[in-house]
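**Q** Single-letter residue listing:
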Amino acid sequence: MQTHYPAPVSSYLERTADPDSVVVNIGPSHPATHGTIQIIAELSGETVKKADVHCGYLHRGFEKEAEHHTYHKVIPYTDRLNYCSALNNNFVFADAVERLLGIAITPRCTVLRTLLCEYSRIADHVTCVAASVMEMGAMTAFLYLMTVRDYIYEHLNHLTGARLTHSYVRIGGLARDLPDGWLARLEEILQFCERYVARIHGLMDRNRIFIDRTRNVAAMTTAHALNWGFTGPILRSTGLGVDLRKDSPYLAYDQLEFEVPVGIKGDNYDRYYVRMCEIDESISMIRQCVRMLPGGPVSVDDPRVSLPEKELVYTQIEALIQHFKLVMEGIRVPPGEIYVAHEAPNGELGFYLISDGTARPYKLHIRSPSFVHMGGMHTLLEGYQVADVVPTFGSMNMIGGECDR
Amino acid sequence: MLRDALTTALNGLFERTGESFGMPVLELRPENIVPVVNRLRAEFGFELFLDVTAVDYPQRSPRFDVVYHLYSRKHNGRIRLKVSVPEDRPVVPTLTPLYGSARYMEREVHDMYGIGFEGNTDLRPILLYEGFAGHPLRKDYVMDMEQPIVPYRE
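Protein chains in written order, with my numbering: chain A, 1 to 405; chain B, 406 to 559.
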């Protein structure tokens with residue numbers, strides 16, 4: 001058993017490579033690597049012979065922190081995993097805790113969470129496509145999509161009070177109900193989004209430069225994708241329609257009608273196109289959610305988990321005590337362990353939670369799609385040109401917060 | 406029913422079987438992990454290696470659990486495998502020959518818990534930096550532990 005291992009980065013730089021090849025360091029201080037990924041590439045001419053992808057520059061000890069906080073206090077940390085679609089992370093965590101507690105959320109909360117999941121998915125896909133085409137020089141497409149994203153963030157800000165890190169979920173429900181006029185504005189934004197997504201299709205789909213940069217670049221088979229653990233749009237781009245929303249429906253997905261878009265070749269172009277098609281599906285799902293949105297409360301009426309109304313905390317002693325105990329002591333979750341996975345915009349986002357019966361998680365592990373994707377990305381870089389590194393990396397949609405935790 | 410099929414097919418290769426929120430759980434000895442996963446992949450279609458992590462129980466002997474999650478498209482289900490390893494020899498065989506995705510995740514577990522994966526030759530730190538002392542997700546690693554200062558590279 002080997003006990004000493006060489007240092008991760010410098011050992012690769014210092015080792016004696018093939019004398020005919022050049023070792024190039026890309027990142028982490030590079031705008032296209034999102035500031036957190038380092039790729040050490042061994043080049044022969046312009047071709048990447050070998051690539052070593054190194055992450056960890058954004059590691060903040062999320063899993064250690066979670067063991068020292070009560071369940072409600074973990075929610076703001078989950079926001080900071082995938083900060084492009086923070087609500088999805090919130091909901092997986094809440095789902096895991098609620099299943100351990102054995103509580104069922106209200107029908108209104110179920111549909112609202114589904115709606116917000118899809119709304120965040122649009123924001124996430126839009127960000128990914130915008131960033132990846134901008135890195136290839138498509139500035140107009142970037143600005144169009146960023147406009148859509150900002151409308152969505154402003155709109156979520158109206159609902160949750162924060163643009164990016166919403167912390168909107170509560171164990172057993174949501175922080176508050178929809179404000180007046182929120183759904184009317186939602187429809188306006190969806191129509192705006194459809195117009196702008198159509199413009200992107202017009203700008204990119206048959207664009208000679210875009211096709212030359214992305215078609216047949218970093219292509220892979222389904223077997224390759226499964227071997228390297230790719231999930232989400234990356235796996236679907238190879239033609240396999242694996243989608244947890246269809247295969248093991250959670251929230252209200254079993255009541256929605258939607259298609260699972262798949263690609264053909266699993267190359268950069270397919271990954272772009274699958275994401276664009278998923279935006280269309282999400283818009284249709286949001287409209288279905290709005291139509292079926294039931295009335296009633298958004299949080300369960302269970303004094304063990306739900307915080308009382310703020311107004312009552314100031315006027316009734318029972319509510320004050322309940323509030324105090326929930327904030328100071330936290331929710332006591334029965335002992336058990338659970339693995340809950342949702343289809344996050346990037347792929348399977350799993351939370352493995354172990355409770356020992358106290359108010360803090362004994363162990364909370366995140367199966368983050370970005371981290372697994374980075375583990376297999378070198379296979380998509382090797383054999384292609386060094387100029388393909390950035391478009392391929394862009395099409396993976398690596399989110400540093402989620403990758404490094 | 407997946408659980409019944411699994412327990413029949415793999416009889417003798419696992420120690421205990423259970424179920425956790427609808428997911429079959431198998432507890433194995435370290436030497437059985439490779440044959441079991443091999444058969445799970447070949448016979449039950451567990452093609453997607455989702456996750457590997459560890460859990461630290463400092464009061465218990467053996468101290469660590471290594472926990473695997475796999476997904477089968479054929480059965481549309483997940484399975485959890487648990488392997489207990491002692492503190493003085495925290496080693497399990499690697500699964501990298503079977504799944505490429507195990508490569509990165511085993512590096513992370515090695516980082517965080519100091520668990521070795523026999524046969525994985527690339528266990529360089531991944532989320533931690535070079536020169537980090539200790540294994541931060543072990544329960545005896547206190548939150549405000551100070552780390553040695555890493556010198557500037559020339």
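Don't take each hint at face value.
Claimed, not checked - Chain A stretches covered by chain B per the calculated footprint, using a threshold of three residues with CB under 8 Å from any CB of chain B: (1) 135-146; (2) 255-263; (3) 277-284.
Unchecked claim - Straight-line Cα separation of at most 30 Å, DSS-like style, residue types lysine-lysine; simulated pairs: (4) A:K73 to A:K310; (5) A:K246 to B:K544; (6) B:K544 to A:K325; (7) B:K487 to A:K64; (8) B:K544 to A:K265; (9) A:K246 to B:K479; (10) A:K73 to B:K479; (11) A:K64 to A:K325; (12) A:K73 to B:K487; (13) A:K64 to B:K479.
Derived by calculation from the structure, the hints in this document are not laboratory data. Keep in mind it's a predicted model, so treat the numbers as computed, not measured. Yeah, the Cβ is synthetic: ideal placement off N, Cα and C, and Gly gets one too.
**Q** Could you grab the alpha-carbon distance between K73 (chain A) and K479 (chain B) and see if it respects the 30 Å cut-off?
**A** violated, 38 Å
**Q** At least three residues with a C-beta closer than 8 Å to a C-beta of chain B: is that true for the region 255-263 of chain A?
**A** Since 0 is below three, the answer is violated.
**Q** K64 (chain A) and K479 (chain B) were given as a pair; does the straight-line alpha-carbon distance stay at or below 30 Å?
**A** Roughly 35 Å between the alpha carbons, so the hint for K64 (chain A) and K479 (chain B) is violated.
**Q** Count residues of the region 135-146 of chain A with a Cβ under 8 Å from any Cβ of chain B, then say if the count reaches three.
**A** Violated, because only 0 residues of the region 135-146 of chain A bring their Cβ atoms closer than 8 Å to Cβ atoms of chain B.
**Q** Please verify whether K487 (chain B) and K64 (chain A) have alpha carbons no more than 30 Å apart.
**A** With a Cα-Cα distance of about 21 Å, the restraint between K487 (chain B) and K64 (chain A) holds, given a limit of 30 Å.
**Q** Checking one constraint from the list: CA of K73 (chain A) to CA of K310 (chain A), max 30 Å. Satisfied?
**A** holds, 18 Å
**Q** Are the Cα positions of K246 (chain A) and K479 (chain B) separated by 30 Å at most?
**A** At roughly 14 Å apart (the allowed maximum being 30 Å), K479 (chain B) and K246 (chain A) satisfy the hint.
**Q** Given the hinted pair K544 (chain B) and K265 (chain A), is their alpha-carbon gap at most 30 Å?
**A** Not OK: K544 (chain B) and K265 (chain A) at ~46 Å, beyond 30 Å, violated.
**Q** Take a quick look at whether K64 (chain A) and K325 (chain A) sit within 30 Å of each other, Cα to Cα.
**A** The hint holds at about 24 Å.
**Q** What's the verdict on K544 (chain B) and K325 (chain A), does the C-alpha distance respect the 30 Å limit or exceed it?
**A** holds, 26 Å
**Q** Mind checking the alpha carbons of K73 (chain A) and K487 (chain B) for me, to see if they're no more than 30 Å apart?
**A** Holds, at about 29 Å.
**Q** For the region 277-284 of chain A, do three or more residues have a beta carbon lying closer than 8 Å to a beta carbon of chain B?
**A** Since 0 is below three, the answer is violated.
When the structure is compared with the earlier hints, violations turn up for hints 1, 2, 3, 5, 8, 10, 13 and for no others.
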